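Protein chains: 2
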Amino acid sequence: MSNFACMKAEIITIGDEILIGQIVNTNAAWMGEKMNSIGVHVAQMTTISDTREDILNALKSATDRADIILITGGLGPTKDDITKESLAEFFNARMVFNKKAFEDIRKLFDSRGFKMNDLNKQQAEVPDNCTPLQNTAGTAPGMWFEENQCIYVSMPGVPYEMKPMITEQVIPMLRKKLGTDTIYQKTVLTQGMGESWIAEKISGWEDHLPSNVKLAYLPQPGIVRLRITATGNDKKQLEQQVEEEIIKLKKIIQDLIFGYDDDTLERIVGELLKEKNQSLSTAESCTGGYIAHLITSIAGSSDYYTGSVVSYANHIKERELGVNKEYLEKHGAVSETIVRQMAEGVKKKYKTDYAIATSGIAGPAGGTKEKPVGTVWIGIATPEKTLAQKFKFGNSRERNIRLTAVYALNMLRKEIK
Amino acid sequence: MSNFACMKAEIITIGDEILIGQIVNTNAAWMGEKMNSIGVHVAQMTTISDTREDILNALKSATDRADIILITGGLGPTKDDITKESLAEFFNARMVFNKKAFEDIRKLFDSRGFKMNDLNKQQAEVPDNCTPLQNTAGTAPGMWFEENQCIYVSMPGVPYEMKPMITEQVIPMLRKKLGTDTIYQKTVLTQGMGESWIAEKISGWEDHLPSNVKLAYLPQPGIVRLRITATGNDKKQLEQQVEEEIIKLKKIIQDLIFGYDDDTLERIVGELLKEKNQSLSTAESCTGGYIAHLITSIAGSSDYYTGSVVSYANHIKERELGVNKEYLEKHGAVSETIVRQMAEGVKKKYKTDYAIATSGIAGPAGGTKEKPVGTVWIGIATPEKTLAQKFKFGNSRERNIRLTAVYALNMLRKEIK
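If you read the protein sequences in the order shown, they are chains A and B.
If you're matching positions, the first sequence starts at 12 in this note's numbering and goes up one per residue.
If you're matching positions, the second sequence starts at 12 in this note's numbering and goes up one per residue.
Fair warning: there could be bad hints in the mix.
[As the list claims (entries may be wrong)] Straight-line C-alpha distance at most 25 Å; calculated DMTMM-like pairs for lysine to aspartate or glutamate:
#1 A/Lys225 / B/Glu100
#2 A/Lys360 / B/Glu337
#3 A/Lys261 / A/Asp273
#4 A/Lys225 / B/Asp65
#5 A/Lys225 / B/Asp129
#6 A/Lys285 / B/Glu329
#7 B/Lys45 / A/Glu409
#8 B/Lys132 / A/Glu211
#9 B/Lys382 / A/Asp314
#10 A/Lys341 / B/Asp314
#11 A/Lys382 / B/Glu172
#12 B/Lys225 / A/Glu96
#13 A/Lys212 / B/Glu136
#14 A/Lys382 / B/Asp121
#15 A/Lys212 / B/Glu172
#16 A/Lys118 / B/Glu211
#17 B/Lys360 / A/Glu355
#18 B/Lys71 / A/Asp75
#19 A/Lys132 / B/Glu217
#20 B/Lys285 / A/Glu409
#21 A/Lys126 / B/Glu211
#22 A/Lys225 / B/Glu64
#23 B/Lys360 / A/Glu329
#24 B/Lys382 / A/Asp121
#25 A/Lys212 / B/Asp121
#26 B/Lys19 / A/Glu64
#27 B/Lys174 / A/Glu206
#28 B/Lys341 / A/Asp314
#29 B/Lys126 / A/Glu206
#30 A/Lys403 / B/Asp121
For the record, the hints were derived by calculation from the structure and aren't laboratory data.
Owing to the predicted nature of the structure, the values given are computational and were not obtained by experimental measurement.
Starting from the given sequences, assemble the full structure and let the hints guide the process.
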């Protein structure tokens with residue numbers, strides 16, 4: 012196991028709740044990203060039912076395919092959680108009481124001022140061939156196995172228990188065995204045009220990419236991410252190669268690019284405002300607080316964001332944002348006049364340098380012939396001027412809210428000077 | 012293939028972007044839920060890379076395991092999309108121009124007023140053994156194959172293209188072949204206590220469940236869902252059996268139960284307000300607009316929701332919500348006094364019957380010894396009174412915001428009379 016960078020990983024998530032679609036498998040995505048970041052190639056993700064037979068079958072096939080097998084789920088204290096027993100059976104191991112695991116659980120309960128019950132005590136029993144991993148946020152210990160020339164790591168399915176286990180224990184343990192990185196990846200983030208349009212525009216550039224450089228299109232609502240992956244031996248050289256390709260790409264679609272890799276519009280806008288020591292407020296109708304939520308999801312946003320008037324009712328637009336009643340009746344709430352007044356109104360009231368305003372018909376009801384569902388006006392007030400733009404999105408309420416937020420944040424970004 | 016209800020389905024999602032964790036596999040969850048709702052058992056979900064070899068291997072193993080194989084991804088117009096070619100190779104089929112598929116694509120372009128490019132025209136080429144499925148929201152047709160005593164359905168990976176294809180075409184086509192339903196499922200939604208606590212509390216009830224009835228715990232932040240599944244021959248009888256068990260369960264944990272199945276707190280609160288013809292406003296500090304976003308994600312919420320003051324800055328709390336400056340300095344923004352004033356302030360200002368207010372330290376910074384990260388006050392103003400409660404959540408900003416919203420909505424729900 013000397014060269015981990017060539018190793019294949021498989022992620023097995025156990026749980027009927029995923030198979031029947033009651034929860035989305037965010038764990039697998041998060042683990043995929045973490046493995047990718049240390050140069051481990053995730054070749055497959057598998058989700059199975061929490062039954063003994065399915066767990067044993069999945070472990071067997073993954074052992075044939077992969078070198079590192081990450082397993083989540085089925086470790087809770089309740090009766091439908093059987094991963095631990097199935098792992099013991101797979102490795103032909105005995106279940107034993109583990110003192111370290113017990114102490115870890117006791118510490119957790121002490122820190123929370125709770126008393127352990129019998130179910131919790133049972134959680135300190137683990138297969139005798141494993142190294143237990145501490146769970147700093149819950150009662151089920153993780154387990155690290157080295158068998159069949161593979162590494163198996165079993166972790167709880169609860170995300171805030173699994174995540175610190177990966178970052179604080181699993182990744183350092185894997186890094187110890189890891190060879191040189193042989194992958195360099197950078198993702199160019201674009202906003203404003205669809206995948207086909209971009210593909211046609213940059214097809215000449217794509218055709219001339221070196222053979223060790225691969226491009227992938229990753230579309231999201233309102234955003235297309237272009238992921239460039241270079242593989243080889245020398246990380247420094249790969250990085251240079253990718254950067255050179257990005258310089259060429261910029262010459263073609265400069266105006267669409269807003270950031271790289273894990274950047275988000277809300278983070279970029281926040282950083283720009285912080286840098287310039289300027290402030291922002293929002294007045295949201297059709298987005299109903301979603302833009303405020305995105306902005307405040309960034310830690311430290313209180314440095315530049317004062318708040319929002321979510322003006323869902325028209326009388327709030329009038330009273331709180333100083334929108335003109337006559338205009339409101341004449342043009343309707345979804346209009347250039349009103350969205351400009353909303354942006355200027357909140358900027359003045361909340362005493363900020365910039366403001367975003369949104370007004371639209373998110374749907375599914377409320378559309379008319381002149382203003383069908385998906386019609387949205389976005390207004391941006393800056394220290395110098397106010398601008399407004401009309402958009403025609405689609406029929407999905409969720410998507411219309413999301414698209415409005417993405418376009419609004421990018422319009423603002425371009426105005427921050 | 013006479014009895015589809017006993018059939019196993021497998022969902023294959025193709026895409027490096029999932030394996031490296033750049034996107035979360037929401038498609039698989041959505042399809043799992045749809046299959047479950049028509050009584051088809053999803054036994055496995057598999058995510059693989061968009062390479063010819065991995066696609067062929069996954070198709071082969073799924074054919075051994077499953078009867079219905081749903082495939083998404085890799086159908087876009089760009090060069091990294093190779094699912095269609097791999098399917099043709101797997102079935103040993105020829106690629107042919109399909110007139111119906113072409114007409115479907117042309118109609119889509121006409122309706123949007125766009126011109127087709129060469130890449131789009133190529134998308135009308137499909138393997139000669141498939142029935143093309145219309146894509147009403149995009150250019151890549153779906154494909155339905157019946158081979159090897161299996162049904163294979165290949166669909167685009169873009170969710171708003173895949174979803175109507177499933178509901179309008181795939182499900183009706185599957186239903187035609189579907190036998191009697193033999194599953195009845197109901198999920199009881201609880202809020203306020205953890206999984207272990209509930210498990211201990213209801214363990215007697217769980218032990219006495221009939222052998223054909225299965226219980227699963229599905230925890231989410233602040234919420235534990237209890238999914239009860241009965242299997243048998245007579246759907247009516249299964250339904251009765253589950254309802255009887257729920258009546259027994261209610262006697263034990265009545266006060267924790269807020270709804271069933273796909274209910275959400277924001278939807279239930281909305282329905283209660285609508286029913287009573289009452290209105291709501293919110294004043295959000297630590298949740299930063301997230302509660303407003305949840306409420307307005309419900310279509311028709313403008314009937315009862317007037318809006319929110321997202322008062323991120325203290326001067327907004329004073330000026331817009333009438334919070335007392337002296338108290339603010341004495342008690343701090345995260346205090347019972349202030350959260351009560353915020354709730355009463357927005358209720359009065361926005362002229363509503365009810366109001367929610369939140370103030371807390373979401374983290375990761377801003378904690379003190381007296382008020383560590385995760386300290387949150389929630390205030391609820393009703394037509395009769397104002398109440399406030401203190402919570403101590405954890406260290407994750409995202410989770411603290413989510414938990415505050417869940418607890419606040421449930422506190423409000425209990426007060427709506």
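Hint check:
Restraint check for A/Lys225 and B/Glu100: the C-alpha separation of about 23 Å stays at or below 25 Å, so the hint holds. Of the supplied pair hints, the one linking A/Lys360 and B/Glu337 holds, its CA atoms being roughly 22 Å apart against a limit of 25 Å. Note on A/Lys261 and A/Asp273: the hinted pairing holds, with a Cα-Cα distance of about 18 Å set against a maximum of 25 Å. Using a Cα cut-off of 25 Å, the hinted pair A/Lys225 and B/Asp65 holds, with the two alpha carbons roughly 17 Å apart.
Taken as a hint, the A/Lys225 and B/Asp129 pair is honoured in the structure, with Cα atoms around 22 Å apart against an allowance of 25 Å. For the given pair, A/Lys285 sits about 24 Å from B/Glu329 by alpha-carbon distance, which is consistent with the 25 Å threshold. At roughly 19 Å between alpha-carbon atoms, B/Lys45 and A/Glu409 fall within 25 Å of each other, so this suggested pair holds. Only pairs whose Cα atoms come within 25 Å are accepted, and B/Lys132 paired with A/Glu211 is accepted, the gap being roughly 13 Å.
With a CA separation close to 20 Å, the supplied pair B/Lys382 and A/Asp314 stays within the 25 Å bound. Proximity of A/Lys341 to B/Asp314 is assessed by CA-CA distance (about 22 Å); at most 25 Å being required, the pair is judged to hold. Under the criterion of a C-alpha separation no larger than 25 Å, the hint pairing A/Lys382 with B/Glu172 is consistent with the structure, at around 24 Å. With a CA separation close to 19 Å, the supplied pair B/Lys225 and A/Glu96 stays within the 25 Å bound.
Taken as a hint, the A/Lys212 and B/Glu136 pair is honoured in the structure, with Cα atoms around 23 Å apart against an allowance of 25 Å. Distance hint between A/Lys382 and B/Asp121 is fulfilled; the C-alpha atoms sit about 20 Å from each other, no more than 25 Å. A threshold of 25 Å between alpha carbons decides the hint, and for A/Lys212 with B/Glu172 the separation of about 23 Å falls inside it, so the pair holds. Annotation: proposed proximity of A/Lys118 to B/Glu211 holds, straight-line Cα distance about 21 Å (limit 25 Å).
A hinted pair counts as satisfied when its Cα atoms are at most 25 Å apart, and B/Lys360 with A/Glu355 qualifies at roughly 21 Å. Taken as a hint, the B/Lys71 and A/Asp75 pair is honoured in the structure, with Cα atoms around 16 Å apart against an allowance of 25 Å. Taking the CA atoms of A/Lys132 and B/Glu217, the gap is near 20 Å; set against the 25 Å cutoff, the hint holds. Of the supplied pair hints, the one linking B/Lys285 and A/Glu409 holds, its CA atoms being roughly 21 Å apart against a limit of 25 Å.
Restraint check for A/Lys126 and B/Glu211: the C-alpha separation of about 13 Å stays at or below 25 Å, so the hint holds. Restraint check: the Cα-Cα separation between A/Lys225 and B/Glu64 comes to about 17 Å, which is no more than 25 Å; the hinted pair holds. Annotation: proposed proximity of B/Lys360 to A/Glu329 holds, straight-line Cα distance about 13 Å (limit 25 Å). Between B/Lys382 and A/Asp121, the direct Cα distance comes to roughly 20 Å. Compliance with the 25 Å bound is thereby established for this hinted pair.
Distance hint between A/Lys212 and B/Asp121 is fulfilled; the C-alpha atoms sit about 22 Å from each other, no more than 25 Å. The hinted pair formed by B/Lys19 and A/Glu64 meets the criterion: a straight-line CA distance of about 15 Å does not exceed 25 Å. This hinted pair checks out: B/Lys174 and A/Glu206 have alpha carbons roughly 19 Å apart, not beyond 25 Å. Proximity of B/Lys341 to A/Asp314 is assessed by CA-CA distance (about 22 Å); at most 25 Å being required, the pair is judged to hold.
Of the supplied pair hints, the one linking B/Lys126 and A/Glu206 holds, its CA atoms being roughly 15 Å apart against a limit of 25 Å. Our distance criterion of 25 Å between C-alpha atoms is met by A/Lys403 and B/Asp121, whose separation comes to about 16 Å.
Comparing the model with each numbered hint stated earlier shows that all of them hold.
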